[in-house]
Every structure is written in C-alpha cells, then in structure tokens.
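Novice: Next come the chains, spelled out residue by residue.
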Amino acid sequence: MTRPSTMTMWRKTVDGRTAALYLLPSIILFSVFVFYPMFRTIYLSFFLTDQTGNAAIMVGFENFVYLLGSSEFQNSMKATGLFVLYTVPITIVLALFFALLANEKLKGIGFFRTMYSSTMGISVAASSVIWLFMFNPSIGMFNRLLGVLSLPQIQWLLDPEWALLSVSISTIWMNIGFSFLILLGGLQNIDEHLYESSRIDGAGYFYRLRRITLPMLSPTLFFIITISLINAFQTFGQIDILTKGGPSQSTNLIVYSIYREAFINYQFGTASAQAVILFLIILIVTILQFKLGERKVHYQ
Amino acid sequence: MKKMIKSSLFWMLILAVAILTACTNSDSKDKDEPKTNDTSSETEGTKTDGAATGEKVSIEFWHAMSGTGQESIDAIVKGFNESQDKYEVKAEFQGSYEESLTKLRGVGGTKDAPAITQVFEVGTKYMIDSGYIEPMQKFIDEDNYDLSQLEGNILNYYRVDGELYSMPFNSSTPVMIYNKDAFKAAGLDPDKAPETFAEVIDAAAKLKTDEMYGFSMLTYGWFFEQLVATQGGLYVNEDNGRSGDATEALFNGPEGLNVFRFLDTMNKAGTFGNFGTNWDDIRSAFATGKVAMYMDSSAGVAGAIKNAPFDVGVAYIPHADEVKRNGVVIGGASLWMSKGIAEEDQEAAWEFMKYMTTPEVQAKWHLDTGYFAINPAAYEEQNVKDKWAEFPQFKVTVDQLQDTVPGLATQGALISVFPESRQQIVTALEELYQGKGPQEVLDKAAEGTNRAMEIANKTKK
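Residue numbers (my numbering), protein chains in the order written: chain C, 1 to 300; chain Y, 1 to 461.
Hints may be right or wrong, so weigh each one.
Okay, derived cross-link-like pairs now, PhoX-like style, lysine-lysine, Cα gap no bigger than 25 Å in a straight line [claimed, not checked]: (1) Y:436 - C:244; (2) Y:111 - Y:436; (3) Y:103 - C:244; (4) C:78 - Y:436.
What the hints contain is simulated information worked out from the structure, not anything from laboratory work.
Quantities reported herein were computed from a predicted structural model and do not represent experimental measurements.
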C-alpha cells in the first residue's frame, strides 16, 4: 500500500519540483544579495558591535527598547512621517496634472513630455547640489528673489522650521519626472473608444476625467503611490547633501539616522535595529494600503 | 484574472520592500568592501614583489586631502619618488577622513592595506585600539630618529603613554578671524582683537549692523572642544582619556557651560550669526561682510586673506574672563603605518615619512595649505620668512600654538567615539540656537557621549 502512495506523492509534486528548478537561479541570487544581508541585519540588531562592526555582546531586545524610548529616534520617525506626508501627495497630484496636460494631442507635445520627465535623468546627488546653491543663505537664488520682492529672508536649510520643507520641495521636484512618466504611460493605455462614446453621449471634460480617466488609471495610480511611499521612507541622498540630518535633527530621517549610526558611530547593532523597525513600518503601511486603497482600484 | 494580478502585485511589493529595506543598511555596508578590494587588486598588479628583482618597492598612501592639499601632496610625493630610486609612493585620494577610515576598515590588518593612511586626530584612539597599525615608535627607536626636531606641542597630542603611534603630518589649530575695516567703522581698535568672552560679547554688540552680525562660529564640535580646553577644562574623565578608557563626559561642567552661555548671550542679543555646519558657508559669509568675527581653522587663514576685499585680522581664540588662557589643542591628521604588510613596504613607508618631516617639505606644505610645519626648522626657510613678512597673520597661528601651556586639557581628549560625541555637540549647539537652556542641551550631549563610551568599552576586545 505504501509504495503506490509514495509514487503518487512523487508524481503529485512534480510540478512543484519543476518550478523549484526554474526558480533556483533567482533564489540563489536573492539569497546572496537580499536574504543573507536581511537576516544578517536582523541578527545584528540583537547585538552590540565592537569597533570593527562584529557582533560582540548579545543584548536581546535592548537595542529596540533603547530606540523606542530614545527621543532622537522618535524624532526621526516623526520627521520621516512628516516628510512622507509633505512629498508623496503633492508629487502625485502634480505629476498627474502634468501627465493630463501632456496627454493632450497637440503639436510639439513631445517637447513638453520630455521636459516634464527630464528630472528623472538627473541623479539625486547632482540635483541636490543645484538645490544647495539655490538655498544658500548668502548667495542663493531664493533669498535674492525674496530680497527683490522685499520680503524677509528665510534660512532655508538652517532654520529647523523650514529645513524639512526645503528638502521636501527639492524632493518633489526630483520625483515628479518618474511619477509623470509612469502616469503618462497609464493614460496612453486607456482605450480611446471609451472617450469617443462618452463624447457622443455629451459628457464634459471633468465628467470624463472623473468617470473614465481616473478609474481606468487607478491601477497605475495605485502602483505609483505605493512605490512613492516606499521611496519617501527611504530618502537618503538629498538629506546627506543638503542638511546632513540637521538643523536640530529636524531632517534626520530614519535612513540617514541608520547611516550615521553605522558609518559614523560604528554602532551596527542599533543601526540594524533601526533598519528592522523601518522594514516593519514600511511593511505595515504597504499592507494597510493594499487593504484600504485597493478597494478603489479598478482592474480591467 | 483580477485576483491573480492583485495577489501577485501584493507579493511583488512585499518583496520590493524587503529588497529595498535590506539595501539601505547591509548593502551599503557590503558595498564598501568590494570597493576597497578593487583598489587593492588594482595595485596588486603594480606592486612589485621584492627587492630581489632589483625593482622599486611600491607602496600606497591613502589621504583625505582635496583641493590645494591634494595638489601639494602630489607634488611632495613626486619629489620623494625622484629624490631616490629604491622606493615609489603612490598617493591616492580616498574621500573625506570618515570615508577613508571606513574603507580602511575593510582591509585593515591585511596585506592589502595601504602602507600609509592619513587619519584625522579624533581617530587616534580608534586606530591604536584597532590593531591595524605598527606604532611609529618602533621605527623611531630602530632608526634613532631625533624626535626633538619636531614641534613639541604637536607631538604632545599624538603621544600616548609616552609612545608615538603615528607621524604627525597636517596640523591645524583654531583662530579667530576678524574684519579690520568693520572694527574701524565700529570705533574699535583694529590691531587689538577682543581676548575674553566678555570682550567678544561687547565687540560683537558694537559691530552688529543691519547687514552684519558681530560673531559667528561654525556649528562643529571641534571649536567647542577648543574653547573648553583653553580654559583648562577636560573633555572626559580619566585625565581626558589619557590614563585609561574614559567613562564619563566632563564637558558639561563649568567650562563647557561658560562656552554655551557665551554663545547663548550673543544669540539672544541678536549679535550672533548662525551659518550652519558647512565651512564654505561661514567663510563666504565672512568674505561678503555678513559677519565681522568668526572662528576658523588656521588652515583657513590663507583663504580668508585672499577672498576678503577688506583688511583681515587674525587673533587667538577667546577664553572665559575668570581663567587665564591655556591655549589650543592640535587638530588635523597624522600618518599611520599598516601592520601585516611586507617588511620592505614598511621600510619604504618609514623613509617616506622621514622625507615628509624635512624642513623643506614642511615649508612647502605650510605655504601651500596654511597647515603648520611640524618641523619648526621650516619656519627658518627663506620662502616662509618672505611670506610671513607679507602676511603677518600667518605668524599669529604659530605663536598661538607655541604659547600653549602643555597640560592634560591642551593635550586633547582621547576617546574612540569622538565622531559620535561631536555629533552630539552639534545637536546641542543647534538646540541652543533655537532657544533651549545651555545646561539642558549640554547634559543631553554628555548623556549621549556617556552611552557611546559605555558601549565602546563593553565591546572592546
């Protein structure tokens, strides 16, 4: 009796085994470059590390307890949350606006499409340096402009009230290109017939926007919102160049805080613990988004 | 169909989250290693294996000097390579002090490590503890090298337990730089800079105009350390970390409080200009007349004189009124020799270091960059004398160093977590400028430093 049953088991799993074989290359690659570092991070988060970054003393959850109680880390989380709120909605609304404009069939629209997506072609580092000059309190363009309009000068990157906003403004500018491109792609995919029939029915522009464009665009919108959220949580380059987390920690976003903890303070334990917390936060936000946001998404 | 898209998209995103989160920490850690491996494998090809073949011994020299410093180093290295035919040094710029130290961590102690690395002064304790390095004292003793020809106040900093672990190279101290024209306009004596905190506060109030702040200081821990040291205050316990591993920060004591009150008074009076944490910003503020007095490194004097369209004065850093001036702690960097590399490489490195300390090289270095000559005989060189005659401001920086009272305070603190502690001070200063109480922000910084030291001591091998 046993023999046939094992045979059937063997036969039953043949698909599974074939699948495993096909997946093997990517599993190996992912293990080396993703899973190993990830588990290593989780492992290190339970340790204090010595000066060469090796795990030295096992401390259990002490790193996490310390972080959650530390006002600096709480501040980092708050700053990150605010940063996400400042950047993601505005980027997407602006990108959607530009994409709707650029989707009109006009002569020379290709030029505008290129212009609107051009910020994608500039690296974060290069554009941050440009913004750094514009924000400069003594020679920057913004303060000169305020001077011409005889408005009071703003310490863009030096005033804790303004620094996060300033970084957000530059980030929005940097991210619009990518969101624009994806949304434009989504708009071009919408079936022309839908518009034609609605026009025959006498629907106005905004009615079509609300009833056809947005629902048909919703999968793309959902995708770009999720990616933007994750990206915003992981912002690093512009912080490093523009403010280095200051002034008064007001722009010390979590990823920058991780970097500082690991590579300036050589505390890989607490840095790893922060990374794990960030992972959990992003995971929760993404799950929530799928639970709440996806109901509104219309798949064709 | 809908369901499938939904669930696969969901899992793809989960995976993306995992990948991206993992990337932000471990990946960047791993990223550095291949980088350092690259540089080492590159040089492996060029590294000549042994004097047996009669070829030159080639060594690497990692440094963190950009701009004029890099040009000067390249010229000095070229001079060394041409001065003899046994050794060849390759100078490689490795990014900022922090970046090059991070790279060194990847190869330190192995045979791929560069023979010589330039490490900033606050990395001294870290380097000694790391086990990557061969103490300089070994070669000094073997070669009977005469240390007394070097500047005592500089050696003082790098000497730990009577031993010299690294060869001082680029040394600087802080100075106060001021706008002489603004002094005249405000009715102050342009040849006599204010010396004490109270005098600076007074002068700053007189110098303040709508366009110009009276005083400013870069938001950087180094200046705070100096203002504490010149009052004779210690930064940490255990004799500033020199007689044992420090366990407690002392900078929140009366001396540190004096400094924070000094800054707080001017900040509240509106005579203090905050130009942030970037050296270029504060320097351009001075050159464009937005601030009348500021603290800079002695290595910034040449630039200040060159860029300012007005008369520039250079003075000693101020001290609290109730104490006498102790002087300054040396800053900058020193050269470290690697352990675990071939013996002939170490010899080459030692020869190069001796060359670096000769008066001629040091005179060139001093004139090119404004860093001190670690060999005071350099000041007797004719080209230095000529320059000093033209710009007497340079001499002030050397005088201030030579007037320094040797002691634990001016020897400087020795802790392995200095970069972290400096970060705490930066935060404290920023919070002070936002109106928080001096004692409160100092205590917080001390607490952070204590925790860092506690972890460092606990995990020390």
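Novice: Decide, hint by hint, whether the structure agrees.
Specialist: Taking the hints in turn, this is what the structure says about them:
no. : hint          : in the structure
1   : Y:436 - C:244 : 21 Å, holds
2   : Y:111 - Y:436 : 51 Å, violated
3   : Y:103 - C:244 : 20 Å, holds
4   : C:78 - Y:436  : 20 Å, holds
When held up to the earlier numbered hints, the structure conflicts with hint 2 and nothing else.
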